[in-house]
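A.B. asks: Below, each chain spelled out in residue letters.
There are 2 protein chains.
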Amino acid sequence: MSDYIAPIKDMRFVMDELAGFKELSQFAAFEEATPDVADAVLEEAAKFATGVLSPLNRIGDVEGARLTPVGVATAPGWKQAYQAFCAAGWNGLSAPVEFGGQGLPDTLGIATREMVCSANLSFSLGPLLTTGAVSALLTCASDELKAIYLEKMISGAWTGTMNLTEPQAGSDLALIRARAEPDVDGAYRVFGQKIFITYGDHDMTDNIVHLVLARLPDAPAGVKGISMFLVPKFLVNADGSLGARNDAYCVSLEHKLGIHASPTCVMAFGDAGTFGGGAIGYLLGQPNRGLEYMFIMMNEARLGVGLQGIAIAERSYQQALGYARERKQGRDAVTGEALVTLDKHPDIRRMLMLMKCRIEACRAMAYFTSGQLDRAHAVTDPEEKKRHLFLAEFMIPIVKGGGTEMGIEVTSLGIQIWGGMGFIEETGAAQHWRDSRITTIYEGTTGIQANDLLFRKLMRDQGATAKVVFGEVFAIVKALGASGKPELQGIGQRLGLALEAWTQASEWLAANAKNSLSGVLSAAVPYLHLAVTVCGGWFMGKAALAASGHIDAGEGDTAFYRAKIASACFYADQMLPQATAYGETVRAGDRALLGMGDELFMN
Amino acid sequence: MSDYIAPIKDMRFVMDELAGFKELSQFAAFEEATPDVADAVLEEAAKFATGVLSPLNRIGDVEGARLTPVGVATAPGWKQAYQAFCAAGWNGLSAPVEFGGQGLPDTLGIATREMVCSANLSFSLGPLLTTGAVSALLTCASDELKAIYLEKMISGAWTGTMNLTEPQAGSDLALIRARAEPDVDGAYRVFGQKIFITYGDHDMTDNIVHLVLARLPDAPAGVKGISMFLVPKFLVNADGSLGARNDAYCVSLEHKLGIHASPTCVMAFGDAGTFGGGAIGYLLGQPNRGLEYMFIMMNEARLGVGLQGIAIAERSYQQALGYARERKQGRDAVTGEALVTLDKHPDIRRMLMLMKCRIEACRAMAYFTSGQLDRAHAVTDPEEKKRHLFLAEFMIPIVKGGGTEMGIEVTSLGIQIWGGMGFIEETGAAQHWRDSRITTIYEGTTGIQANDLLFRKLMRDQGATAKVVFGEVFAIVKALGASGKPELQGIGQRLGLALEAWTQASEWLAANAKNSLSGVLSAAVPYLHLAVTVCGGWFMGKAALAASGHIDAGEGDTAFYRAKIASACFYADQMLPQATAYGETVRAGDRALLGMGDELFMN
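Protein sequences, first through last, are from chains A and B.
To convert, count from 1 in the first sequence and add 2; that's the working numbering.
To convert, count from 1 in the second sequence and add 2; that's the working numbering.
Looking at chain A on its own, in the form it has when it is part of the complex (with noise of 0.2 Å):
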């Protein structure tokens, strides 16, 4: 075990070099956000992150979250953490000032979620949710919900879920069965069992907002019959106290193979019948509404679930550094040295290295995606507006899939640095593969996102901005042939025969969508890795461009700089020549699988 620390250095870069924090601050909704906000704000969440939330990490996997008669006891040392989290003011950073929240960018947000996530990946979902539920509630909630319920989520006070899930219903909404009738004074009864619902209860704050899908009495069958309703665990009175307990529970929790310190509850509503039959909910927006809400949630808990690939990964990469080169075991084969650390070792050093290079590609993918959400915000055209929303609409999808697939990989490689001790659950290295494993499968498993980039962010516009991110990728790959630079050149000739690969397999894929469907299907998870790969090399390719004009210049740390761009070609010969491979194998299809039926499956 090793304490975390937080990368501040690679995540100012990343905010000031490729995402372009710098110029939020010249639009009016963030003129708060100058640099030196931004280091204190960096500083003191990395304090909070190293000092609070990374030493419970451990306790909270080997004591995990308990259902007590009372309900869900979280783990100890997780509720004073909680409250010191809100009252340092970092659960409402980036949420809008008039009602409590600080209103600074996402760009900013992003990095001291990061270092969260990080620190406890656990502790971090219930934020991560409440932020989700904030999000629906500013779009569609009446205003009389609204000053109920939305500064207390946004100090932290209360926390908020979703809940989507039911038994028969995991990937496919449209079969959700709960259901909810309209009662007096425009309330409902909501009827019906949750499942996989994080944060359902905890002893962390005295009231939990729930918003639950469910279908009104007549409403259409399938996915336009769904509609949102709030349902806060305790009934709140008109001058803001806590009423009654409402008729929503945590019956049971799971046993889970990671995140064992966040509560994953089976919730039942209206089932214990207090309120003779059905929680109290209100309708949230329009009937049947529902899943277009859920939606507005889910694209942001989505960048933040990529998020926790990469923050775990970055944990596990720590770890590993700090393991490696304590550990000596074998002598240099270069030097002959006798018994040296273990990041001596080609192989090692490989490995951290690639541990290194594909965590910072995916932090700038996401921090890029911030960057672009927040110029959506402070943006007046409707048309730029629109052109930065459908940019982080684009990436969103990349930067859920990748971060969270790099996540599981790198935590793997990080158990490798280890050996056999990476294998014992005391050192720590293996609770961090064993939490990301979910990161590829909730908030939309990574098939969902490669369907979802092909089918909603590549097509939906006739890949108008997929030709926007060709571009950007395209420049940089001039920028770096113009450079007359050779570690340069290499990296540009690598990014530029990797664009091709994607650029080649989206017009595959645009020119079989209709006649060969299955097989456009059968592509789109290797298509995705495709872009991810691609992107990486973007940004690495970006980093490696400015590290460089700083080092002629010679401004800044050209030690920093020196690694940033090794770390950038590293990338190119380790990742890039992948695109490639990805690009044959979506050209592909599915075309061996033809014609075939169960048969296929049989030995």
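Keep in mind that the hints are not guaranteed to be accurate.
Put simply, identical chains are the same to the list, so a pair is met inside one copy or across any two.
Restricting the straight-line Cα-Cα distance to at most 30 Å, the calculated cross-link-like pairs of lysine-lysine (BS3-like) are [claimed, not checked]:
# : residue 1 : residue 2
1 : 480       : 387
2 : 487       : 516
3 : 11        : 330
4 : 516       : 330
5 : 226       : 330
The hints are simulated quantities; they were obtained by calculation from the structure and are not laboratory data.
None of these values were measured; they are calculated from a predicted model.
Given the coordinates of chain A, assemble chain B onto it according to the supplied hints.
C.D. replies: Here is chain B on its own, set in the frame of chain A:
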């Protein structure tokens, strides 16, 4: 959870068509190994795996092994299952008849061992270690020790262990400190602590035979001063009855990520002082040649661990397939049919097929290797013997590295197919992934396999064995091309490109081994992945040719053979393009990192 059903059809196909099992009965050593015997053995082994071992797998995960005041207690049912295993003769299937074994070929034995590993990986480790210890005794034990120990170990009445690792000596065995002092009657007193000792203690048998690496007084430093000792848990009297309890105790058990039911012991030798200091041990073979003998066990154990990766992947595949065929979710994207099972969704089918084809490819490599070991054993001509042995030894790091890395990735796909349910421990999908994670670490990490392939297997004969393999692959490329069948030609085309990448990478390594050692060492693992990818294609191509031949001849189960061809085509489209990418990475070496020191890792 689901029952394990042994994939006898594919096993038999691989044995007969790819590993040359049918021809083995022509050798005097294997004249009993007729097709009928093979059928009977496979059928019985399958019954045992399904009926006895598979139901204990989750119990073992939940209950684990426990350290009690009288030693290690295995999980409920373990002892009875082990006794039934031995009574049925599974332990000595491929062991010499002279010592009570059945002398059947390893090409048959490996299929039965795969079943045991699939059914219950934790259980399989005891017999695996015993078999390794038997091999070491056969190689270097005196006739007296052989007479006392071998029959008991081959029947399974006593189990064996390998005691290599110490806290400071993991991958680097030069650092071993355990020591042995000469005692009376040619015996020795052994002192020291060993860690990560699999089945170092248990309650399944009345004796345990520890093979322990230790240093004699005045032994040279490093790996050339290590000797091997046999240290029984209970001393054995001249009449074969058990004598006093030796001073060899399990002092603690590790709390591990997976294989909970396999006791991983910290062993203390000579620490209790019950014999006035030291555990009684017997020197095996010559002084200071212990590492050499240990590597005899190691090679077999590595093939066995590669097999574990394959076996656990098979179990995960079966379980995911079972779930995908049951669980209804979503509309069929192509036909529009409402609410279909998961296996009808193209991305799920992609994952299932990826699991299947990767398992088949690795199974073929492993069984082929057993086929070569059998030939090395059975032929009499020394040159021919050496050729088969070198070929087997060339394949072993490929099977070990490839099978285990594949196992982790495929069991992760298994979880992915289960979706959120995969993250819940009760379903059992997560156990396979956790269990698999040790396989790339123990018996030599993937990095060590890669170095073994590169510096021992590839370079020891100046690439002669590699050229034999390249020639075999090229013959398949040609045969596929000459088949006149587009789907086979498609495989041949991709395999040809992949082979080209492998030969080019091999040439680059040979050319740079002297002048750019750190680059070559950095390229070792990507080179291993490249070799695995191409060898997989070799056997899948060969399988497709064989299947196609049977279809043309109107022999056998056409649906099975068609599925085999589809699986090979799928492997070609999904996996073979990666060979070129690995080749690019190999030939980049570590150029990105040259001239960089610790600043590489700063952030």
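A.B. asks: For each hint, tell me whether it holds in the structure or not.
C.D. replies: Verification of the hints:
1. With identical chains, the CA atoms of residue 480 and residue 387 are at most 30 Å apart within one copy only, with a shortest distance of 28 Å there and 57 Å across copies.
2. With identical chains, the CA atoms of residue 487 and residue 516 are at most 30 Å apart between copies only, with a shortest distance of 28 Å across copies and 45 Å within one.
3. Taking the shortest alpha-carbon separations for residue 11 and residue 330, only the intra-copy value of 29 Å comes in at or below 30 Å, while the best inter-copy value is 48 Å.
4. Taking CA atoms no more than 30 Å apart as the test, residue 516 paired with residue 330 passes between copies only; the shortest distance there is 25 Å, against 58 Å inside one copy.
5. For a Cα distance limit of 30 Å, the shortest separation of residue 226 from residue 330 across copies, 20 Å, qualifies, whereas the shortest one inside one copy, 61 Å, does not.
Comparing the model with each numbered hint stated earlier shows that all of them hold.
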